[in-house]
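Just need the whole structure built from these sequences, with the hints factored in.
6 protein chains.
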Amino acid sequence: MRPNNRLNNELRHIMIETDFVKHPEGSVLITVGDTKVICNASIEERVPPFMRNQGKGWITAEYQMLPRATQQRNIREAAKGKLSGRTMEIQRLIGRALRAVVDLDKLGERTIWIDCDVIQADGGTRTASITGAFVAMVLALGKLVDNNVLETIPLTDYLAAISVGVMPDGESILDLEYVEDAEAAVDMNIVMTGKGEFVEVQGTGEESTFTHQQLLDMLALAEKGINDLFEYQKEAIGDYAQLINKEV
Amino acid sequence: MRPNNRLNNELRHIMIETDFVKHPEGSVLITVGDTKVICNASIEERVPPFMRNQGKGWITAEYQMLPRATQQRNIREAAKGKLSGRTMEIQRLIGRALRAVVDLDKLGERTIWIDCDVIQADGGTRTASITGAFVAMVLALGKLVDNNVLETIPLTDYLAAISVGVMPDGESILDLEYVEDAEAAVDMNIVMTGKGEFVEVQGTGEESTFTHQQLLDMLALAEKGINDLFEYQKEAIGDYAQLINKEV
Amino acid sequence: MRPNNRLNNELRHIMIETDFVKHPEGSVLITVGDTKVICNASIEERVPPFMRNQGKGWITAEYQMLPRATQQRNIREAAKGKLSGRTMEIQRLIGRALRAVVDLDKLGERTIWIDCDVIQADGGTRTASITGAFVAMVLALGKLVDNNVLETIPLTDYLAAISVGVMPDGESILDLEYVEDAEAAVDMNIVMTGKGEFVEVQGTGEESTFTHQQLLDMLALAEKGINDLFEYQKEAIGDYAQLINKEV
Amino acid sequence: MRPNNRLNNELRHIMIETDFVKHPEGSVLITVGDTKVICNASIEERVPPFMRNQGKGWITAEYQMLPRATQQRNIREAAKGKLSGRTMEIQRLIGRALRAVVDLDKLGERTIWIDCDVIQADGGTRTASITGAFVAMVLALGKLVDNNVLETIPLTDYLAAISVGVMPDGESILDLEYVEDAEAAVDMNIVMTGKGEFVEVQGTGEESTFTHQQLLDMLALAEKGINDLFEYQKEAIGDYAQLINKEV
Amino acid sequence: MRPNNRLNNELRHIMIETDFVKHPEGSVLITVGDTKVICNASIEERVPPFMRNQGKGWITAEYQMLPRATQQRNIREAAKGKLSGRTMEIQRLIGRALRAVVDLDKLGERTIWIDCDVIQADGGTRTASITGAFVAMVLALGKLVDNNVLETIPLTDYLAAISVGVMPDGESILDLEYVEDAEAAVDMNIVMTGKGEFVEVQGTGEESTFTHQQLLDMLALAEKGINDLFEYQKEAIGDYAQLINKEV
Amino acid sequence: MRPNNRLNNELRHIMIETDFVKHPEGSVLITVGDTKVICNASIEERVPPFMRNQGKGWITAEYQMLPRATQQRNIREAAKGKLSGRTMEIQRLIGRALRAVVDLDKLGERTIWIDCDVIQADGGTRTASITGAFVAMVLALGKLVDNNVLETIPLTDYLAAISVGVMPDGESILDLEYVEDAEAAVDMNIVMTGKGEFVEVQGTGEESTFTHQQLLDMLALAEKGINDLFEYQKEAIGDYAQLINKEV
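Residue numbers (full-length UniProt numbering), protein chains in the order written: chain A, 1 to 248; chain B, 1 to 248; chain C, 1 to 248; chain D, 1 to 248; chain E, 1 to 248; chain F, 1 to 248.
Hints were generated in silico from the structure; no laboratory data involved. One or more hints might be untrue.
Repeated chains share a single entry, so a pair holds when one copy, or any two copies, can fit it.
[Stated by the list, open to error] In silico SDA-like links for lysine to any residue, alpha-carbon gap of 20 Å or less:
{"#": "1", "residue 1": "K56", "residue 2": "K143"}
{"#": "2", "residue 1": "K22", "residue 2": "D34"}
{"#": "3", "residue 1": "K80", "residue 2": "T60"}
{"#": "4", "residue 1": "K224", "residue 2": "H212"}
{"#": "5", "residue 1": "K56", "residue 2": "E183"}
{"#": "6", "residue 1": "K143", "residue 2": "Q72"}
{"#": "7", "residue 1": "K56", "residue 2": "E206"}
{"#": "8", "residue 1": "K82", "residue 2": "R92"}
{"#": "9", "residue 1": "K195", "residue 2": "H212"}
{"#": "10", "residue 1": "K195", "residue 2": "L216"}
{"#": "11", "residue 1": "K195", "residue 2": "S208"}
{"#": "12", "residue 1": "K80", "residue 2": "S42"}
{"#": "13", "residue 1": "K143", "residue 2": "G108"}
{"#": "14", "residue 1": "K82", "residue 2": "Y178"}
{"#": "15", "residue 1": "K224", "residue 2": "E235"}
{"#": "16", "residue 1": "K80", "residue 2": "P48"}
{"#": "17", "residue 1": "K106", "residue 2": "T156"}
{"#": "18", "residue 1": "K224", "residue 2": "Q213"}
Here it is, written out as C-alpha cells:
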C-alpha cells in the first residue's frame with residue numbers, strides 16, 4: 001500500500017500557482033505533494049556566443065535545491081564553489097526537454113533563462129521542474145506576444161514530465177515520493193509532448209536491473225500521469241493557450 | 001512624498017509566516033513590502049573545528065538571492081563558483097547579529113545554521129533576513145525545549161533590524177524600498193535588542209557624507225521601526241515567547 | 001546508405017586489447033570503429049567516507065577525452081579548472097552501470113577505480129567506455145582471485161552498452177558513428193546485462209521527439225548489438241570467465 | 001591603564017613615509033604603532049566595463065595581509081584560491097570611503113587602483129589602510145597634475161579613519177591595538193572628512209551590545225583622533241596640498 | 001649494474017610511431033623503455049591576445065599524466081580543479097624548448113598547440129615529451145607546406161631532450177628509468193639542438209649537491225644521448241626533413 | 001656598458017636587514033639593487049601529512065610579488081584565485097634549494113615555512129629570495145637553539161643564489177637587473193653551497209641557445225657572485241653562525 005493509500009497510477013496533489021514572484025517575465029510555484037519548486041522564466045535579448053548570428057533563439061536552465069529543501073541540510077553549492085554532477089545533469093535535462101517543443105527560429109535571437117529553485121523536496125524535483133518550467137515559459141512568451149514582440153507563442157506542443165519506478169516487490173508505480181524513491185529498484189523519468197511522443201526516457205537500475213515488460217509498464221503509467229499534468233498546465237496557462245502556435 | 005504615501009517613520013506592510021517549509025527545525029517567510037525572504041534555522045549537533053571542546057555553541061548564516069529576486073536576472077553564485085563580496089558581508093552580519101543575543105554556553109556544543117534565501121527583493125533584504133532569522137531561530141530552539149534537549153530557549157533578548165537613510169533632499173526615512181535606496185545619499189542598517197541597545201550600526205555615504213545630526217535622526221527612526229518589528233516577532237513566536245530565558 | 005555500407009543492425013569493427021598499459025590491475029584498449037578508449041581498473045584497499053564500516057565495496061569512474069581525440073581541439077578540463085556537465089554525466093553513468101552487476105558485499109571494503117580516457121573519438125565513447133571498463137574490471141578482479149584476496153570474481157552478470165538512434169528519414173540504426181550522431185533526430189544509449197535485462201535506458205530527442213514504436217525498434221537493435229559485444233568481451237576475458245561468480 | 005600608559009583619547013605613534021616603493025604613481029608606508037601598511041596608488045587609463053562611456057572615473061581597492069603580519073602565520077589567500085569574507089569586506093570599505101571625497105567626473109575615464117598590503121599587524125589595519133591610501137592617492141593624482149593630465153587634484157575633502165571601542169569596564173578608547181581589540185566589547189571604525197562629516201560608521205558588538213551614550217562617546221573620540229591624523233596627512237602630502245581642488 | 005645491464009651512456013629502447021591518432025595535424029606515440037607519451041600537434045589559425053598583430057606565431061604546450069600511468073593511481077588534475085606545480089613547470093618547459101627552434105616570424109599569426117599525454121610512465125616523461133613533440137610539430141608543419149600555407153617548415157634546427165643523473169655511488173648515467181630516478185642524488189634534464197647548443201639545462205640536487213666535474217660528466221652523457229635521439233627523429237620525420245628551413 | 005658602469009662580474013648593492021617584521025621567528029629584508037624582498041621564516045611544530053611519523057622535518061616556501069612591485073601593476077593571484085605557473089615554479093625552487101642544506105633528521109618533526117614577498121622588483125627576485133630566505137631560516141633556527149629546542153642549527157652548509165646571463169653581444173654578465181634581463185639571450189639561475197657545490201643550475205635560452213663555453217663562463221661568474229653573497233649573509237647572521245652544525 002502506498003502512503004495515503006495512493007493508487008499505483010495516481011499523481012500526488014498538484015497545484016500550479018502563477019505570478020508567484022513579481023519580477024520575472026514568467027513565474028510559477030509548482031506543488032507536487034510535498035515537493036515545491038519555484039520556476040521562473042526570464043527573457044534576455046541576446047543568445048550565447050555559440051548561437052550568434054543564426055537568427056535562432058536558445059533556452060537554458062539552472063536548477064538548485066535550497067539547503068533545507070531536504071530532511072538533512074545540504075551544503076550550498078555556491079559555498080562549495082562548484083555544481084554537483086547531479087545538479088548539472090538536471091539542468092541539462094530541463095533545458096534540453098524545453099528546447100524540444102520550442103520553435104527556436106520563430107523565437108528569434110533571444111534566450112529564455114529558466115530558473116528552478118526547489119524550496120521543499122519530497123521526490124520528483126526534476127520532473128516537477130520541467131512541468132512547472134513549461135508553464136513559466138509560456139507565461140514569459142505570452143508577455144512577448146502581449147508586447148507585440150512576437151506574433152504567437154512559438155511552441156510546437158505541450159510538454160510535461162513525471163517519474164515512474166519499480167518497487168522491490170515488482171510493482172510499477174507513478175510519481176514516486178521520497179520514501180518510495182529511496183526504496184525503488186528502478187527509477188525512470190519520462191518527458192512527453194501533448195501528441196504523446198517521447199522527448200526523454202531515462203531509466204536507471206541503481207544496483208539493480210529491469211525487464212522489457214517492466215519498461216513497458218512504466219511507460220504506460222507515465223503516459224497516463226503526463227496526460228493528467230497537461231490539464232493542470234492548461235488551467236494555469238489560461239487564455240495564453242490560444243496564442244500557442246501549434247495547437248495540441 | 002514616498003511611494004504609497006508612506007510616512008517617513010512608517011514601516012512597509014510586514015508579515016511573518018511560520019512553518020513555511022516543512023523540513024527545517026525553524027522556518028519563516030518574512031514579507032516586508034515586496035521583499036520576501038525564506039529564513040530557515042537548522043540545528044546541527046556539533047560545532048565547527050575552531051569551537052570544539054569549549055562546551056559552547058555557534059551560529060552561522062548563509063544568504064542568497066534567487067537569480068530573479070531582482071528586476072534584472074543575476075548570475076547565480078553557484079554558477080560563478082564564488083560568493084560575491086556583498087553576499088559574504090551580509091552573511092557575516094546576520095551570524096554576528098544573532099550571536100549577540102544567544103547565550104552560547106547554554107546552547108551547548110551545537111550549531112544553529114541560518115539560511116536566508118531571498119525570493120523577491122525590493123530593498124532591505126539584509127535587515128529582513130535578520131528579523132526573520134531571529135524568529136526561525138526561536139522556533140528551532142523551542143523545538144529543542146519541546147524535546148527536552150534544553151530547559152529554556154537560551155536567548156538574552158529579542159533582536160530585529162531595519163534600514164534607514166537620508167534622501168537627497170536631506171529627509172531621513174525609515175525602511176527604504178528599492179527605488180528609495182537607489183536614490184539615497186546615505187544608507188544605514190541598524191540592529192537593536194529588545195532593551196534598546198545597539199548590536200550593529202552600519203552607515204555608509206556612497207559618494208556622499210552625513211552629519212552628526214543626520215546620524216542622530218536616523219538612529220531615532222530606526223529605534224521606532226525596530227520596536228514595531230518586535231510586535232510582529234512576538235506574534236509569530238507565540239507561546240514559545242514564554243520559554244525565552246531572559247524576558248525583554 | 002550508412003558509411004562503408006554498414007547495415008542498420010551492424011556494429012562497427014570491434015577490438016578489445018588487454019594489458020594495454022602495464023601499471024593498472026586491469027587495462028584495456030577498446031576500439032569501436034575509429035573510437036578508441038583506454039579503460040583502466042585500479043583496486044584501492046578502502047572505500048569512500050560515505051561507505052565506511054558497512055563491509056561493502058564501491059565502484060567509481062572517471063572519464064576524459066584527450067584534447068585532440070576530436071576533429072577540433074577541445075580545451076582541457078584540467079586547464080579550465082572544472083569538469084563539464086557532459087563529463088560528469090558520463091562518469092556517473094559508467095560507475096552506476098558497473099555497480100549494477102557487482103556484488104558489493106562480496107567485493108568487501110575496497111574501491112574499484114575505473115579510468116576511461118578517450119584517445120580518439122568517432123561517436124559512442126560513453127558506451128565503448130562501459131563495454132571496455134567491464135573487461136578491465138574483470139581483469140582487475142581476476143588478479144584479486146589470483147592473489148587469493150577473493151575466492152571468485154564477485155559479478156552477477158556480464159554488462160555491455162551500445163548507442164542506437166533514429167535518423168531524420170525515420171530509420172533506426174545501431175552503433176552511430178560521429179557523422180551519424182551529428183545528424184540523428186534521436187540518440188539513445190542502452191546498457192544491458194547478459195540475461196537481457198536493462199541497466200540503463202537513456203533516450204533523448206534533442207530538438208525532436210520519438211514515438212513508442214521507434215523506442216521499441218531501438219531497443220531491439222540495442223539488444224542485438226549488445227549480444228554481439230558479449231562475444232568480444234568473453235574472448236578478451238579468456239580464462240577469467242570461469243572465475244566469475246554467477247555464470248551467464 | 002592602557003599599554004604604554006596611553007590616554008584613552010591618544011593615538012599611537014604615527015608615521016607616513018612617502019615614495020616607499022619606486023614603481024607606483026603614489027606609494028606610502030603608514031605606521032600606526034606596530035601596524036605597518038604599504039599603500040600604493042596606481043593610475044590606469046580606463047575604467048571597468050560597468051563605468052564605460054560615462055566620462056567618469058573609478059576607484060577600487062585591494063587589501064591583503066602578508067602571512068606573517070600576524071603572531072600566528074595565516075594561510076595565503078592566493079594559495080587557498082579565494083578571498084576571505086573579511087578581506088572582501090575591507091577592500092570594499094576602502095574603495096567606498098575614498099570614492100566619497102573624489103570628484104569622479106573631474107577624474108575622467110581612469111581608474112585609481114589602491115593596494116594596501118599589511119606587512120605587520122597590531123590592530124587597526126583597515127583604518128590605517130584608508131588613512132595611508134588617501135595620501136598615496138593624493139600623490140598619484142598630484143603626478144597627473146605635474147604631467148598636465150589634470151589641472152587640479154580632483155578631491156572634495158581630506159579623509160582619514162580610526163578605530164574606537166568600548167572595553168569590558170565600559171571605558172571608551174581611541175585607536176585600539178591588538179591586545180585591546182581582542183578584549184573589547186564593542187569595536188567601531190569611523191571614516192570622516194576634513195569638514196567633520198561621516199563617510200562610514202561601522203560599530204559592532206560581537207556577542208555584546210552598546211548604548212546610545214556609548215555610541216556618542218565613541219564618535220567624539222573618533223573625531224578627535226581623525227583630526228590628529230589630518231595633520232600627519234598634510235605633512236606627508238606637502239606642496240601637493242595646494243593643488244587639491246576644494247580646500248578643507 | 002643498471003637494470004637490463006644497460007651501459008651508463010646507453011639509451012633505453014626508443015620508438016617513434018607517427019600518425020598514432022587520426023584527428024591531429026601531427027600525432028606521435030613516443031616510447032622510451034616503458035615510458036609512453038602521445039604527442040599531438042594542432043594548428044590554430046590565430047595567436048593568444050598578447051601576441052596579436054605582430055605577424056608572429058606562437059607555440060604552447062600542455063602535459064598530463066593519465067591517472068594510471070604510474071604504479072600508484074594519481075588523482076586527476078581535472079577532478080582537483082587545478083594543475084599541480086609540477087605539471088605547470090613541465091608544460092612551460094616543453095613550450096619554451098620548442099619555441100627555441102621555430103622561426104616564429106615565418107610561422108605567421110598561428111599557434112601550434114602541443115599536447116603531451118603520458119599513458120605509461122617509467123621516468124623521463126618530460127624529456128620524452130619534448131623529443132616526441134618535436135616530431136609531431138614537424139609533421140603538423142609539414143602538412144601546412146603540403147597545403148601550400150607555408151613554403152618551408154620554419155624550423156632553425158632539430159631539438160631533442162634527455163635526462164641524466166648522478167647515482168649515490170657517484171656514477172653519472174644517461175636516461176634514468178623510474179627506479180634509478182627515485183634513487184638518484186642529482187637529476188638533470190637537458191634540451192639541445194642539432195648544432196649541439198643548449199636550450200635548457202636544469203640540474204637539481206634534491207637534498208643533495210653536485211660538483212663542477214659531475215656537471216661536465218652529465219653534459220657529455222646528455223650530448224651523446226641526444227645525438228642518438230636525432231637519428232630516431234629523422235627516421236620518423238622521413239621526407240619532411242627536406243622541407244625544413246635550415247638544415248642541421 | 002652596463003647601467004651605472006657596473007662590471008660584468010659585479011653584484012649590485014646588497015643589504016640584508018634583519019628583524020624587519022616583528023612577529024616571525026626569522027625576518028629579513030634583502031635589497032639587491034632596486035629589488036627588495038621580505039623573507040620571513042616561521043616554525044610550525046608539525047609536518048605535512050606525507051612526512052608524518054618519520055622523525056624528519058620539512059621546509060616549504062611561498063613566493064609572491066605585490067601588484068606594484070613592477071612597473072605595470074600585476075593582477076593579484078589571490079584575486080584571480082590561482083597561482084601562476086611562474087609563481088609555482090619559483091616557490092618549488094626556493095623550498096628545494098633550502099632543503100639541500102638542512103639536516104631534516106636533526107630538525108625533527110617540524111616545518112619551516114618560508115614566505116618571500118617581493119615589494120619592489122628589478123630583476124633577480126627568485127635568487128634574492130633564496131639568499132634572503134637562507135638568513136631568515138638561520139635566524140628562526142637560532143631561536144630554537146636559544147630556547148633549547150635544538151642543540152645546534154641543523155644546517156650542513158651556507159646557501160646563496162644569483163642570476164647570470166648572456167647578452168645579445170655574447171658577453172656573460174652577473175646579477176642581471178630588469179633592463180638587462182629583458183634583453184638577455186640566455187638567463188641562468190644558480191644556487192650554490194659554501195663548499196662551492198651546485199644545488200640548482202637552471203639555464204634557459206628563450207627563443208635562443210647557448211654554447212658549452214658560454215655555460216662555463218656563466219658558471220664562473222655565478223661562483224664569484226655567490227662567494228660575495230656569503231659575506232653579506234655571515235654579517236647578517238652574526239653570532240648565530242657559531243651555532244651552525246657543520247662549519248663552511
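Legend entry - Homo-oligomer pair classification [Q72, K143; C-alpha up to 20 Å]: between (39 Å within a copy, 16 Å between copies)
Legend entry - Homomeric proximity label, K143 with G108: Cα distance no greater than 20 Å: Within one copy only: 15 Å inside a chain, 41 Å across chains, cut-off 20 Å.
Legend entry - Intra- versus inter-copy proximity for E183 and K56 (alpha-carbon distance at most 20 Å): between (44 Å within a copy, 18 Å between copies)
Inset, instruction - Indicate which option fits the pair K56, K143 if close means a Cα-Cα distance not exceeding 20 Å: within, between, both or neither. - result: within (19 Å within a copy, 37 Å between copies)
Legend entry - Within, between, both or neither, where K195 and L216 count as close if Cα-Cα is 20 Å or less: both (18 Å within a copy, 18 Å between copies)
Legend entry - Same-copy or cross-copy closeness of K224 to E235 [CA-CA at most 20 Å]: Within one copy only: 18 Å inside, 45 Å across.
Legend entry - Homomeric proximity label, K195 with S208: Cα distance no greater than 20 Å: between (32 Å within a copy, 12 Å between copies)
Inset, instruction - Using 20 Å as the alpha carbon limit, work out where K82 and Y178 are close: within a copy, between copies, both or neither. - result: Neither way: K82 and Y178 sit 25 Å apart in one copy and 31 Å across, limit 20 Å.
Legend entry - Status of E206 relative to K56 across identical chains (alpha carbons, at most 20 Å): between (39 Å within a copy, 15 Å between copies)
Legend entry - Status of T156 relative to K106 across identical chains (alpha carbons, at most 20 Å): Within one copy only: 11 Å inside, 52 Å across.
Inset, instruction - Pop the pair K195 and H212 into one bin, within, between, both or neither, using alpha-carbon distances up to 20 Å. - result: Between copies, since 12 Å is at most 20 Å while 24 Å is not.
Inset, instruction - Since the copies are identical, ignore which copy is meant and state whether K80 and T60 lie within 20 Å (CA to CA) inside a copy, between copies, both or neither. - result: Between. Shortest inter-copy distance 16 Å satisfies the 20 Å Cα cut-off; intra-copy 23 Å does not.
Checked against the numbered hints above, the structure violates only hint 14.
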